[in-house]
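What follows is the residue order along each chain.
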Amino acid sequence: MAAIAGAAETDEIGVLPGHSTLRLHVEGARNALADAGLKLSDIDGIASVSSPGPIQVAHALGIQPRWIDGTGVGGTSFLLHVRHAVAAIQAGHADTILITHGESGRSRVGSARGSMPASSPNAQFEAPYGVFGPPTMFTIPLLRYMKEFGLTPEQLASVAVAQRKWAARNPRAMYRKPITVEDVLDSRMISYPFHLLECCLVTDGGGALIVTSDERAADLRKPPVHILGTGETFESPLISQMADFTTSAAFCRSSRDAFAEARIGVGDVDHVMIYDAFAHVPIYGLEDMGFVGRGEAGPFIAEGHTSPGGSLPVNTNGGGLSYTHTGMYGMFLIQESVRQLRGEAAAQVPGVEVSVALGNGGMFMAAGTLVLGNRKP
Amino acid sequence: MGKPVPAPTPETRPFFDGAAAGELRIQRCADCGEPFFYPRPSCPFCASGAVEWFTASGRATLYSYTISHRPAPGFEQDAPYAIAVVQLAEGPRMMTNIVGIENTPDNLVLDMDLEVTFEQRGDVTIPQFTPAGGH
Ligand SMILES: [Zn+2]
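In order, the protein sequences belong to chains A and B.
The numbering of the first sequence is numbering that gives the first Met the number 0, which starts it at 0 and goes up by one.
The numbering of the second sequence is numbering that gives the first Met the number 0, which starts it at 0 and goes up by one.
Isolated chain A (complex conformation) (with noise of 0.2 Å):
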């Protein structure tokens, strides 16, 4: 298939008012080349999304590219880039594919704020009813998910626990702190029933991916990242016209198609990425993946079995909810997987070969997946 060549994020991520939208796609850009020993000349696709979007990008850039791509689902377009790229190299369209995320989250410098037309479907039929971006939408399905499979508020809270564990070993995660159940529980409310350390954070930040031929790739600085398997698809862009409350249409379907493609299966995976914007989700990701049954998966995670020295070590990098969320943050999960994969991660799993990563795009409105290795299959 091709592999993944160059990735790299922007020097810091955080808080960067200094920093405006388009540089943080720039200089995400000029880290991946650096990364992967590859000049901008040798580029010859681009992939963006939104503002500023990948013509702005090509051109401050100052690349011609011959293919160009600005599929746009939200935070987990990045992941669908590396799938079209893939594709775009086999057809030929392009031999050296550049994807760039920049975004002011936290900031707001140079960056467009989006709005729906007051005769969209959820202008009409949610926004009436008091809903406040992510955190009063994505967090709807959960009550649910609760009362169908018993899942405790304890149970969720140890997703944001696990993953400070992991946070606390990366020197770049904005929060550190470890933190207890009893911590996350006694946090403010924010949108009941998540706590405010239930909810990810809004940075700043970016970052790159180089996506080239398996043969290109193994020329080059760093080692491939072999793009074994991909998904993608959509579930309602409407969060209350989801099928099932319990489960997420789009997770399944582009994880299934994900795991076909690599012909693996979930006792093939060393480490996994999930899109963690609110804590429900990695217990949604891997149930919908099928690392765990159904209603298995907040046992799993308050167990310890997703944290340092546990058996399925899951969001290494902190994740969402600690290491940084710029509000499209599909980007860094798949940087944190290439990290896990060449074995420079802050966090390293020791003898990961297989990495997953699971996308999530809007509330639970559309999905990616991406497997990838470090070993051609």
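You may find that some hints are simply not true.
Computed footprint of chain B on chain A; a stretch qualifies when at least three of its residues, placed anywhere within it, have a C-beta under 8 Å from a C-beta of chain B [what the hints assert, rightly or not]:
hint : region
1    : 131 to 140
2    : 186 to 197
3    : 239 to 252
Residues from chain A that face chain B, not an exhaustive set, calculated with beta carbons under 8 Å [stated by the list, open to error]:
hint : residue
4    : Q89
5    : A117
6    : A122
7    : F124
8    : E125
9    : A126
10   : P127
11   : K146
12   : R293
Bear in mind the hints are in silico, worked out from the structure with no lab data behind them.
No residue lacks a Cβ here, since even glycine has one placed at the ideal position from N, Cα and C.
Fit chain B with the ligand to the given chain A structure using the hints.
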């Protein structure tokens, strides 16, 4: 800034006209018979273009919700308030608010019976739900 007022389109106008008349009107497919929400020009189950409007019973159960402690613009007087998804007796689900009851976890029990009520919002009327048989 007041609460958001929806801007109906020609396809959704019958829903809001129904609300203004005190009725919860939703669509169903004339070919496969499935009711659905939100209003659309095509059946999401069988892709038929033969969609029709009917008046739903207005009965529903509480499917899930969150209680927002940070008010959206216009909702300053309401917080903390629930943003709920209810399951209509006819099957489809819709987002709404639960009115006529203090919005606490103890009061809002999943699967409780609800019935539709209506709120005038600017030039538009929107459906809300309240505990069935409640006062
Ligand atoms: Zn039909």
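Any hints from earlier that this structure breaks? Give me their numbers in increasing order, please.
4, 12
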